[in-house]
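Q: Here are the chains, one letter per residue:
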Amino acid sequence: DAGITQSPRHKVTETGTPVTLRCHQTENHRYMYWYRQDPGHGLRLIHYSYGVKDTDKGEVSDGYSVSRSKTEDFLLTLESATSSQTSVYFCAISDDVGYTFGSGTRLTVV
Amino acid sequence: EDQVTQSPEALRLQEGESSSLNCSYTVSGLRGLFWYRQDPGKGPEFLFTLYSAGEEKEKERLKATLTKKESFLHITAPKPEDSATYLCAVQASGYSTLTFGKGTMLLVSP
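Sequence order for the protein chains is H and B.
Residue numbers are given in our numbering: position 95 of the first sequence equals residue 699, and the series is strictly consecutive.
Residue numbers are given in our numbering: position 36 of the second sequence equals residue 64, and the series is strictly consecutive.
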């Protein structure tokens, strides 16, 4: 078990407020990813990291920023949340067999 | 641009009725093709990775196969507990990120 923890599990926030989602891993994996999952779109890559302070954009990065100051933590920030960012967010790590996903954060922007 | 198309979008089977799920892909050099299972409210769970055409992998009632253009997930004598959404993803050579299809929702009735 890769030991991935996402927090919070659920969040409701208002339009225009900043939101930070946290992904924590316990096994020192180098690569970490943030995906969002929406009906009709499947899983889409937002940002990923290939090491401390090394990050890159994915397919749907607009409106999102990330930070990785420690190997074990990968933060996703919505600087000013919009209703289109209502989604389920999954963090993943890349290990020997492929990707292992966290349990997800359900974010609702009202 | 890498693309993954899964069919059908939804499949309803009777317990014991075998069938197959399809994953068609286009990628600039395949590094790996991945199958995941996702239960409602949970993160995707890794099933298989296939690396080259002709490769097959099995796990209980599931068998995954790979050609140069598509992969099949064969389900033999399914049980109600096999009900889930099955996701296919590809990883291109030289990249760590995955591109996902939209998934096939499988419902197995007793």
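Rather than coming from a laboratory, the hints here were simulated on the basis of the structure.
One or more of the hints may lead you astray.
Sample of chain H residues facing chain B (criterion: CB under 8 Å; computed from the structure) [what the hints assert, rightly or not]: (1) L647; (2) Y668; (3) G702.
These figures come from a predicted structure and were not determined experimentally.
The beta carbon of each residue, even a glycine, is placed where N, CA and C say it ideally should be.
Q: None of the hints should be skipped; say for each whether it holds.
A: Now for the hints, and whether the structure bears them out:
no. : hint : verdict
1   : L647 : 4 Å, holds
2   : Y668 : 15 Å, violated
3   : G702 : 5 Å, holds
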